[in-house]
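Please take these sequences and the hints and turn them into a complete structure.
Respectively, the protein sequence lines represent chains E and W.
Residue 212 in this note's numbering sits at position 212 of the first sequence; the count goes up by one each step and never skips.
Residue 145 in this note's numbering sits at position 145 of the second sequence; the count goes up by one each step and never skips.
Check each hint, because a few of them may be wrong.
Which chain W residues face chain E? A few, computed with CB under 7 Å, are given here [said to hold, decoys possible]: (1) G68; (2) H103; (3) F125; (4) D126.
Note that these hints are calculated values from the structure, not bench results.
Since this is a predicted model, take the numbers as computed values, not measurements.
Don't be surprised by glycine CBs; every beta carbon is placed ideally from N, CA and C.
There are 2 protein chains.
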Amino acid sequence: MSFSKLSASIEKRGAHLCIGLDPSVEKIPEFLFEYEDAVLEFNTKIIEATQDLACAYKLNTAFYEALGEKGWATFAETVARIPDDIYVIADCKRSDIGNSARHYAQTFFDYFEVDALTVNPYMGFDSLEPFMNYAQKGVYSLVATSNPGAYDFQFQDIGGKKLYELVLEKLCEWNKDKNIGAVVGATKSDVLMKIRSSFPELSLLIPGIGAQGGSIETVASILKTAGAPVIVNVSRDIIFAGYDESFPDKVRDKASYYNAILEQ
Amino acid sequence: MSFSKLSASIEKRGAHLCIGLDPSVEKIPEFLFEYEDAVLEFNTKIIEATQDLACAYKLNTAFYEALGEKGWATFAETVARIPDDIYVIADCKRSDIGNSARHYAQTFFDYFEVDALTVNPYMGFDSLEPFMNYAQKGVYSLVATSNPGAYDFQFQDIGGKKLYELVLEKLCEWNKDKNIGAVVGATKSDVLMKIRSSFPELSLLIPGIGAQGGSIETVASILKTAGAPVIVNVSRDIIFAGYDESFPDKVRDKASYYNAILEQ
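This is the structure:
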């Protein structure tokens with residue numbers, strides 16, 4: 001089953017924290033630009049400083065694509081530098097019709113060899129199937145996101161339920177290989193609680209605490225519930241904790257801080 | 001206004017045909033693998049054979065990402081080889097929260113310098129805003145797609161209208177710079193007709209004829225209606241028209257065939 005690697009990593013580290021390696025170039029400590037690949041150096045130092053504190057790393061492809069073809073080399077090399085027993089998620093939010101989706105699945109699962117990725121459900125079953133067919137890999141679908149625009153469509157009422165609830169029902173129907181998860185923002189505490197109790201068979205990837213301001217208490221309480229693994233992603237508030245040569249220590253302190261309040 | 005380049009290209013060539021440069025490696029003529037970059041050679045020969053017949057080229061990023069970092073170099077070089085007065089669309093179906101979406105916008109609009117891209121509306125306004133802020137660029141949102149999974153969510157009823165209709169209404173509300181378009185599959189003729197008559201201010205990108213089997217007659221009739229430009233994408237049925245050294249002639253014949261029935 002796909003999430004066993006993730007569960008093992010959570011147990012080994014006593015941590016549900018996922019760190020988002022989202023290296024906006026303009027925010028990276030300046031001294032790193034002495035290195036040939038400043039972004040790779042930045043990521044490497046964060047991984048070294050936190051590999052006993054994070055059960056997973058999530059790489060948002062937006063920040064790598066923005067670097068052009070060199071960015072994809074950095075993406076691949078970053079994945080290679082993450083210890084083998086830590087779960088790696090490509091936050092790419094892809095989806096397309098079957099033939100194209102199959103190519104995306106090959107890219108992330110076969111070429112980059114990540115453990116999981118994020119997808120967008122708007123195009124429905126056959127746009128997600130090529131990803132879900134990798135039974136040993138995790139597929140996290142956007143469900144109820146942490147941004148204001150979530151209310152434009154996800155929270156609209158469809159025959160007595162919200163669109164995101166219909167998405168959840170479909171995901172459960174499609175979850176034959178128990179490899180499907182849901183992205184649910186921490187900024188919506190009540191929604192998060194309800195989703196966990198109604199759909200415990202879906203692994204949850206929870207962004208939105210830290211820079212986005214979601215409730216840490218709600219999230220911490222959910223970590224104690226039974227079901228598929230739950231992980232909590234923090235990106236900016238950890239990775240940009242410092243700007244001088246001691247930044248890895250500050251990053252480590254910030255990760256420890258989140259672990260302390262999440263795992264209490 | 002963003003679509004003026006597209007309108008000029010349509011007028012100059014008398015063609016609403018957009019050719020999808022979606023080079024599945026396993027389908028590319030074998031003799032091209034003598035070249036250092038078979039995919040680039042394949043694309044170049046198609047561009048040379050059809051540049052007076054296609055108002056636009058659409059590059060689906062799935063097929064380039066699947067080639068790893070080399071694929072992004074091929075993507076960039078293909079864009080560079082398209083004549084300046086032809087409209088170039090990155091079919092990337094991206095969307096993310098503001099900070100990440102801004103990076104995607106930079107990638108495609110500033111780095112690759114395409115004229116337009118496709119986005120996925122599920123995350124709502126602020127996930128599309130960073131793209132729409134490029135007033136001179138085109139932003140085509142998925143609306144009613146050509147695949148079977150479109151019925152899972154897009155065609156669900158929300159307070160008396162379908163989800164895709166709500167998406168259309170929002171797109172019109174957000175279309176301050178007249179740079180927004182909609183992706184509507186040709187496989188849904190009635191929907192296509194209704195969308196064009198109700199939302200003529202949205203440019204339409206219509207996939208789904210050719211390999212996917214949508215009605216060419218319906219599409220041809222829509223090309224004669226007033227409003228923002230409409231383009232019709234064909235990928236596989238044109239680009240894989242032949243497999244030997246004469247394949248560019250066969251590609252050209254297929255493009256001419258589509259133009260003849262679309263523009264009659």
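Tested hints:
{"no.": "1", "hint": "G68", "result": "holds, 6 Å"}
{"no.": "2", "hint": "H103", "result": "holds, 4 Å"}
{"no.": "3", "hint": "F125", "result": "holds, 4 Å"}
{"no.": "4", "hint": "D126", "result": "holds, 4 Å"}
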